[in-house]
Amino acid sequence: MEPIIINVYKQMDGYTFSLPVSIRQRVKDWFPDAHPANRIFVAYDIKSDFEKYYDQLENYIYPALLGIRSDNNLDDKVKEIQFVDSETGNLLHTHRLAA
Amino acid sequence: MKKHYHLYLGKAGHLAVMSEFLIRGWNVAIPEVDIGDDIFVVQDDIGTLNRVQVKTATSNVKKGSFSGRFNLPLLQLRRISPILFHYVFIVRHKERWTDPIIIRQDYLLNFVQSDSFGTIHKENLSLYFSYSSNGVGCSGIDLSSFVADYADFPVIEE
Chain R
1 MEPIIINVYK QMDGYTFSLP VSIRQRVKDW FPDAHPANRI FVAYDIKSDF EKYYDQLENY
61 IYPALLGIRS DNNLDDKVKE IQFVDSETGN LLHTHRLAA
Chain Y
1001 MKKHYHLYLG KAGHLAVMSE FLIRGWNVAI PEVDIGDDIF VVQDDIGTLN RVQVKTATSN
1061 VKKGSFSGRF NLPLLQLRRI SPILFHYVFI VRHKERWTDP IIIRQDYLLN FVQSDSFGTI
1121 HKENLSLYFS YSSNGVGCSG IDLSSFVADY ADFPVIEE
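Heads up: the protein sequence lines correspond to chains R and Y, in order.
Numbers 1 to 99, taken from our numbering, label the letters of the first sequence in order.
Numbers 1001 to 1158, taken from our numbering, label the letters of the second sequence in order.
Mixed in with the good hints there might be a few duds.
Label-pair ranges, simulated between beta-carbon atoms [claimed, not checked]:
#1 SER1145/Y / ALA34/R: 16 to 26 angstroms
#2 ASN1134/Y / LYS28/R: 25 to 35 angstroms
#3 SER1139/Y / TYR60/R: 36 to 46 angstroms
#4 GLN25/R / ASN1071/Y: 26 to 36 angstroms
#5 PRO32/R / TYR1005/Y: 29 to 39 angstroms
#6 VAL1061/Y / GLN25/R: 30 to 40 angstroms
#7 TYR44/R / ASP1044/Y: 22 to 32 angstroms
#8 GLN11/R / LYS1094/Y: 42 to 52 angstroms
#9 ASP1034/Y / GLU87/R: 19 to 29 angstroms
No wet-lab data here; the hints were simulated from the structure.
Treat the numbers as computed from the prediction; the structure is a model and nothing was measured.
Glycine included, C-beta positions come from ideal geometry on N, C-alpha and C.
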């Protein structure tokens, strides 16, 4: 069961979270009524302390990016969601879905 | 061939692509300092901004077909920012430009990561597009659907 990959690109004024094209297609195959987004930008004031909110942010971002209804059983299809630095490919965070 | 021909070719390609955006009602601008963005393409009234990278090549003619080779930095491709790049590939063939192949950054990155698209050497991606009567392709992938694909740049009439 391959994880869902969400790319993360950090900029001076916020984070861009994006779904690779192949993941968007996979989500649509799983859930035909899903509307996955290409990307979501979360803006912060420059020099704010948004680093410490980053982990919390991920948990809100993935449902919006995947565009699936909350009553869809995503955990039947995938066990974890990986947040990956799009520039380096480094794994930033793994979100495990409840079994 | 003229000295520094590649510079002339590149600028001519830029201008040809800019001309097409203008005729579709999109405004265009070239950054004063070139650090990666080739062209800004802007919808004037609401400020929608697109970033365009123009890649030019001269054709290498073979029997019944021709090809064009392009290079681009991988690091730029991997940076998925709020405003994606559109890569526009054109080849100078028989004293004309080919129809542009327009591939948005996330689709191009997906080809590279999923389909072994092109070849990678020292953080540069090298692409070899082959044109024939059957269409255009690269690394076994049919790119015909990307030819003159202006879906993200609809004609602006008002």
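| Outcome for the supplied range 22 to 32 angstroms, where the beta carbon pair is TYR44/R and ASP1044/Y | Holds - the Cβ-Cβ distance for TYR44/R and ASP1044/Y, about 29 angstroms, lies within 22 to 32 angstroms.
| said: For the hint 36 to 46 angstroms, verify it against the beta carbon of SER1139/Y and that of TYR60/R. | reply: Between SER1139/Y and TYR60/R, where Cβ atoms are some 38 angstroms apart, the hint holds.
| Hint check for GLN25/R and VAL1061/Y - Cβ pair distance inside 30 to 40 angstroms | holds (37 angstroms)
| query | Between PRO32/R and TYR1005/Y, is the Cβ distance one that fits in 29 to 39 angstroms? | reply | violated (52 angstroms)
| request: For the range 26 to 36 angstroms, tell me whether the beta carbons of GLN25/R and ASN1071/Y fit it or not. | output: About 28 angstroms separates the Cβ atoms of GLN25/R and ASN1071/Y, which means 26 to 36 angstroms holds.
| That 25 to 35 angstroms hint for ASN1134/Y and LYS28/R (C-beta), does it hold up? | About 29 angstroms separates the Cβ atoms of ASN1134/Y and LYS28/R, which means 25 to 35 angstroms holds.
| field | Beta-carbon spacing of SER1145/Y to ALA34/R - inside the hinted bounds 16 to 26 angstroms or not | value | Roughly 23 angstroms apart at Cβ, these two residues keep to the hinted range, so it holds.
| query | ASP1034/Y and GLU87/R, beta-carbon distance inside 19 to 29 angstroms? | reply | holds (21 angstroms)
| request: Note whether the CB distance of GLN11/R and LYS1094/Y lies within 42 to 52 angstroms or breaks it. | output: holds (43 angstroms)
Checked against the numbered hints above, the structure violates only hint 5.
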